[in-house]
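**Q** Here are the chains, one letter per residue:
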Amino acid sequence: MNNQELADIIEMQGQALAEWALARMYEDPFWDARFGERGRRFSREDGLTHVRYLAEALRSSGDTIVKYARWLQTLVTSRGICTRHIDQNFARLSEAIAREVDDSAAAQELLTSARAALAYPAEGPTAHARKVQDASAAIAKAWHESLAGKPAPSRDDLETLVSYLADALAAGKSAVLVDHMKWAVPFFAQRGVPAARWREAFAGLGRVLSAHLPSDAAAATSGVLAAVEEVLQPLA
Amino acid sequence: MSPPAALIDRFVTAQLAGNRREAIRLVTDGLGEGGAQRLSFEELYLEVIQAAQYRIGELWLANEVTIAQEHLATAIAQLALSHLYPRLPRAARLGKRVVLACVEGELHERGPRIMSDFLEMGGFDVDYLGANVPTESLVKMVTGRPPDLLALSATLSFHLPALRQAVSEVRKAMGRRVPIAVGGHAFSGSPDVPRALDVDIYARDAKEMLDAVRRLLAP
Chain A
1 MNNQELADII EMQGQALAEW ALARMYEDPF WDARFGERGR RFSREDGLTH VRYLAEALRS
61 SGDTIVKYAR WLQTLVTSRG ICTRHIDQNF ARLSEAIARE VDDSAAAQEL LTSARAALAY
121 PAEGPTAHAR KVQDASAAIA KAWHESLAGK PAPSRDDLET LVSYLADALA AGKSAVLVDH
181 MKWAVPFFAQ RGVPAARWRE AFAGLGRVLS AHLPSDAAAA TSGVLAAVEE VLQPLA
Chain B
237 MSPPAALIDR FVTAQLAGNR REAIRLVTDG LGEGGAQRLS FEELYLEVIQ AAQYRIGELW
297 LANEVTIAQE HLATAIAQLA LSHLYPRLPR AARLGKRVVL ACVEGELHER GPRIMSDFLE
357 MGGFDVDYLG ANVPTESLVK MVTGRPPDLL ALSATLSFHL PALRQAVSEV RKAMGRRVPI
417 AVGGHAFSGS PDVPRALDVD IYARDAKEML DAVRRLLAP
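Just so you know, the protein sequences line up as chains A and B, in that order. All the letters of the first sequence, read from the start, carry residue numbers 1 to 236 under the numbering used here. All the letters of the second sequence, read from the start, carry residue numbers 237 to 455 under the numbering used here.
Please keep in mind that the hints were generated in silico from the structure rather than gathered at the bench. Take these hints with a grain of salt, some might be off.
[Said to hold, decoys possible] So the derived label-pair ranges between C-beta atoms look like this:
1) A:74 to B:319: 27 to 37 Å
2) A:186 to B:245: 32 to 42 Å
3) A:15 to B:255: 43 to 53 Å
4) A:103 to B:293: 30 to 40 Å
5) A:222 to B:451: 51 to 61 Å
6) A:40 to B:307: 19 to 29 Å
7) B:343 to A:74: 14 to 24 Å
Just so you know, even glycine gets a beta-carbon here, dropped at the ideal spot from N, CA and C.
So here's chain B without its partners, still in its complex pose:
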């Protein structure tokens, strides 16, 4: 069951009105808790919250909402994700730990945050570091307590140099002992970049990434 377009419309309206309660009610209803038709977590994450954020982004681009309104909407999307988080259906823990971070300079963190929750649903333990993680500090963390996978996200393509730098520094410090996954919108205009990077996984979206991580860490 795909979410009705009307649900995305109502969620966007709630976001732009700053109506936190309505936004939460909509995702709660989406889960079937209010007796409404039940959507999967994947649908709520990707086809409601993420789709709504894309629409907000388009409205900002066309100068129909201000940066302040966009931030208000984003804060509400984050709140909705936080509301869903304790309700996530989790597979049995696999005992595999993933460190997930936005590269240095990258402030767009919704995608990797959703990815973190998907990985948790898949049974992985996740250290989610959020936006703009300095490369040096990332390397320190990865070398201090090596994860089973390091996943790096870049949204704007001009942050790809920072991503290349992070991959190269981690490889220098850890060799191939820590597999590396990359993803994010930055790659959408540059399909050859992942091939040129020395990484183990490149995925175009959260579902593809979860499948690839499963194949690598929990075959």
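Chain A extracted, bound-state conformation:
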């Protein structure tokens, strides 16, 4: 099958592919709790848009999908969603296509390049954010271990918070993580993580970041962590 034919098939099955990915996405209670019915509508539209861009990227060579991924990253990370969420969305779409469409390796490769494009440029103003992204799995693991023995979010949830931290650094806006935590503290409280736990948790994150990042990148995170600390205090 050539790319043109693959694009046609993916476009034709776009609705079903996007719905499958959407259903997997909403297995995580985060989405309904955070964005409600309106979010579901937007997620559905976004899923179809991913498919349309993917189909167009298959038809034309060039970096359509890479540009789209970076554009989407700026769009959604300024609206309460983190880069890791986009990455997971692309991964689910890739899985949906792998399941439903034979001979679809070209589409999966494009989605892999879209996911790779979500890594912030290692040079320039996003250099620190990139260092956080590169170490995010190790940071989440160490952070989770540092919270052992007491109620704590899952390692996966912590890795998502690290992604918000990277996005906050990339945008130069502490609010990206701060606003998320304002919402997340009560959300996790309903799931057994007391609001009072978070100040200690973020103090622990500070230590983990110092251990896992070069000193300049770790220093760059301190402003964001201080801003988070400010909102955690009254919440606790």
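Based on these hints, arrange chain B on the given structure of chain A.
**A** Just chain B, lined up with the frame of chain A:
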């Protein structure tokens, strides 16, 4: 003389404040009508109004302005373009007619609108159809009264299928009797797309497009 960055800043501020009069005053001053330093129409169009709109777009993307504010700003940019339109310096009419349209589904019309005015400055007659022109209706118009050139614009790359469809339908109906030009931001990530399309002109910006149209229709 390039427009000072401060002029773009002031224009963006006027747009976001919904200050129509200030926006018009700024472009009028830009023309030297208020005794200020004179800018060319090209500079005002591309380096002030268009540059300001790009900045508004970036602010929207970063969630620093809402969609409503973006629409307010866009309406003011359109007003500024309308204000400049009767003042455009026009070359002698060439007796060549260009039909210019955004393809079906495409709502971004500032680029092709600016293109229309550039073509008029170049002496071409322009039928500017604006945003989201249904392919079927476009073909009817082109076959009913064939222009000397059909120019199609797409901004978002997922409207390229609609553009391919329009090119193919026009070719089916008119063969090569109507030359076709394409342009728009949709091509920026896909430099190979124009080559794969059966079109006569692809241009990356308004100036390049005007030059190419001149070479084709008024050599």
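**Q** For every hint, state whether the structure bears it out.
**A** Hints versus structure:
no. : hint                       : in the structure
1   : A:74 to B:319: 27 to 37 Å  : 32 Å, holds
2   : A:186 to B:245: 32 to 42 Å : 41 Å, holds
3   : A:15 to B:255: 43 to 53 Å  : 44 Å, holds
4   : A:103 to B:293: 30 to 40 Å : 38 Å, holds
5   : A:222 to B:451: 51 to 61 Å : 59 Å, holds
6   : A:40 to B:307: 19 to 29 Å  : 25 Å, holds
7   : B:343 to A:74: 14 to 24 Å  : 20 Å, holds
Figure legend: structure checked against the earlier numbered hints; every hint is met.
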